[in-house]
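Dock chain B against the given chain A, drawing on the hints supplied.
Chain order of the listed sequences is A and B. Numbering of the first sequence is given in our numbering, commencing with residue 1 and proceeding in unit increments. Numbering of the second sequence is given in our numbering, commencing with residue 1001 and proceeding in unit increments.
These aren't lab readings, by the way, just hints derived from the structure by calculation. Keep in mind it's a predicted model, so treat the numbers as computed, not measured. The beta-carbon is built from N, C-alpha and C at its ideal position, and this holds for glycine as well. One or more hints might be untrue.
[Claimed, not checked] Just so you have them, the derived chain A footprint on chain B, three or more residues with Cβ under 8 angstroms:
(1) 1022 to 1032
(2) 1143 to 1150
(3) 1289 to 1298
(4) 1314 to 1325
Protein chains: 2
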Amino acid sequence: MAIGVGVIGAGTVGGGVIETLLGNRAVIGERLGADVSLVHVADMRPEAFEAFELGGVTVSEDARALIADPKVDVVCELIGGLEPARTFILEALGAGKSVVTANKMLLAHHAPELTEAAVANGVELRYEAAVAGGIPIIKSLREGLAANRFECVYGILNGTCNYILSRMTYEGLEFGEVLRQAMELGFAETPPDLDIEGHDTAHKCQIVASLCFSTEVALDEIHVEGVTKVTGADVAYAREMGYVIKLLAVVRDVNGDIEARVHPTLVPEAHLLASVRNEFNAVYVEGDVAGATLYYGRGAGRRPTASAVVSDIVDIARRDGAPPPRPFVYAEKRTVRNIGQHVGRYYLRLTTLDKPGVLGSVCTILGNHGVSIASCIQKEEHEERPVHVVLMTHETVEASLRAALAEIDRLEFIREDTHALRVIQE
Amino acid sequence: MAIGVGVIGAGTVGGGVIETLLGNRAVIGERLGADVSLVHVADMRPEAFEAFELGGVTVSEDARALIADPKVDVVCELIGGLEPARTFILEALGAGKSVVTANKMLLAHHAPELTEAAVANGVELRYEAAVAGGIPIIKSLREGLAANRFECVYGILNGTCNYILSRMTYEGLEFGEVLRQAMELGFAETPPDLDIEGHDTAHKCQIVASLCFSTEVALDEIHVEGVTKVTGADVAYAREMGYVIKLLAVVRDVNGDIEARVHPTLVPEAHLLASVRNEFNAVYVEGDVAGATLYYGRGAGRRPTASAVVSDIVDIARRDGAPPPRPFVYAEKRTVRNIGQHVGRYYLRLTTLDKPGVLGSVCTILGNHGVSIASCIQKEEHEERPVHVVLMTHETVEASLRAALAEIDRLEFIREDTHALRVIQE
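The following block holds chain A by itself, in its conformation from the complex (with noise of 0.2 angstroms):
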């Protein structure tokens, strides 16, 4: 028996399924017993194949005699964006094709239709690769962790901006000279905005929300900030405290309403997502049943990608022509918590000149907003220019936190914006 696999795009991550399926198939075949074996692939550059071994496999420019070839069982999506790679999943489900893709933009903002049409035409739509790349993520929140109810998931879901943050942290440089190095060494997508503002873990957060709680969470129902206000120097006092500063999405349930959020994050040192180092992604999810788990690895790139891809096709190949699984249904949508009610401990830096009395004013604004400080960092300064200082607070209401801060930067002596970063605990 054997699965016919289309591909879609021959790009990085569809070169990397292509190779995968040709060169491991033997070792997929003992494992499966039956052949997953490529038969068709689309690109419109032809020219994207010139560097693979074919053979009798179908080369198309256009998807749509992929998805129509009926020797195609699965057709893999692998072009990204939301068009016309929405359109191609939509008519191959239609044709009764499963559909495998890594495209976590369109999931993050189709979802429900794409579902419903799986669904509609008793297929599967899967996407193991949609988040973190080559860590079976998906499958552990959806099938190996299926027992219990979800407390919260901390994800460190963007190589590019681990990446940096990680530069900034072990070698003491800048947020913009590390995002330029990396630019130009082909670590970071030009231009990097998607990455660094935020935004594609924000899309990996909205799967991995709807995904815990079977519901659906909106795309702009999550609180996004990236890491760009991120300076050398809260790297360094944040070390400085006990703390490594990650880009984290966050997933919680707080008395069954949701929290979803994306921002950089102090994490403890001792926390393990404090040493996932460089462009590594991982996973810390807390659960009812099973406690805190934790999964690591390579969340982007050619071949963990790839082998995301071809982990969803084998498991459509294990069916061997079975009904699709039930899908996760979408249980009764539930409150999305807005940030303001967000209740946590911040680091707070604050740029002023050095007078006396600065700190009792600050204190004494916080103090009216109900913000207690649990430690400080000032050093001594002998020049005439703006000074830091670093405050600890103890848990406290985002939205009394914000409104202090209002106030704290309209004294005449504070010369920047303060900035405040959440923080999580062990």
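Chain B in isolation, oriented as in the chain A frame:
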């Protein structure tokens, strides 16, 4: 549609499964769109059920009544040990019921017989809980990483050993002292031999090795060393050299042959496995497509193990009566390498009288066997008593090293058998 679950054994794990099925039935139903319902429990000690509100669940003292119950679709074997567990599982499979077990010892001894019985009866045998408790590692290896040829797997798979080694490492305690405390606190089984002699880890190593290579690896082909010979001094010298000692299950593909071994191992401090402390488990996997991934969590205990058992039940329920997927076939038997063929670096602790020429004699013998030294620790000692000389070798073949050590340990100034530990590289 409801799946009826029967649980044989209401001890620690069985109790956790009963608790989870009763407590999380709603959330599991929401995720499944179906009802996983506990219908029958069996334990020879009827008092074992006093703690649960079992409502309409049938309670038996006899496992056979549970297996024969037509309301039971899936049988969970949670009594452990070889018999009567093996007989109960074979009877359940024979009655056309899928079986979920946490019984690593039974699988390590009888997996082929049990797998064949499942296939012959068109049902499934699942065992996520048998390795690394709450971490979905079986699913990750079988399904999540299905595209990969496995290069190596390093597992910290016994919480008791990792707890003992962690306290030795971070509190400077001796093995016997920590073991005694652990037994008093109930963290270690009484007697503790299955854990501390490495046999429990070997059972899990056997399951992982068989799974990674789709072939049978016999338990007696696995080289096993426990942690009882690791001293506080070893732990301290290792740290001085930048390593942490962990009991690892190692599974590797060496040019098509298999290595499967369990032994205390020096792990570089920067390796993620070195950060896995106390009773936690972790599995580090290198695949040719995904690269390195790591899975971390609680490897034992009532609820983490229950999480794994229930995930298997959910997977069976999700098929919704469709035939089970193809089992992973046993491919051709492969050669399992003898430990003498192992190539790697070694930590050596010699106990010797402090006389001139000792290091020279030792290094000459090592050199004669082709073993060269990368680094050395010898502390000056002003008392008349045996001292330690610690050597780190370059890569060498174990058989050569063993031949050299046999000669060295016959030297008159050597006062104890030299302690040799293997080292993994990052």
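Q. Which numbered conditions among the earlier hints are violated in the structure presented, ordered from lowest to highest?
A. Checked against the structure, no hint fails, so every one of them is satisfied.
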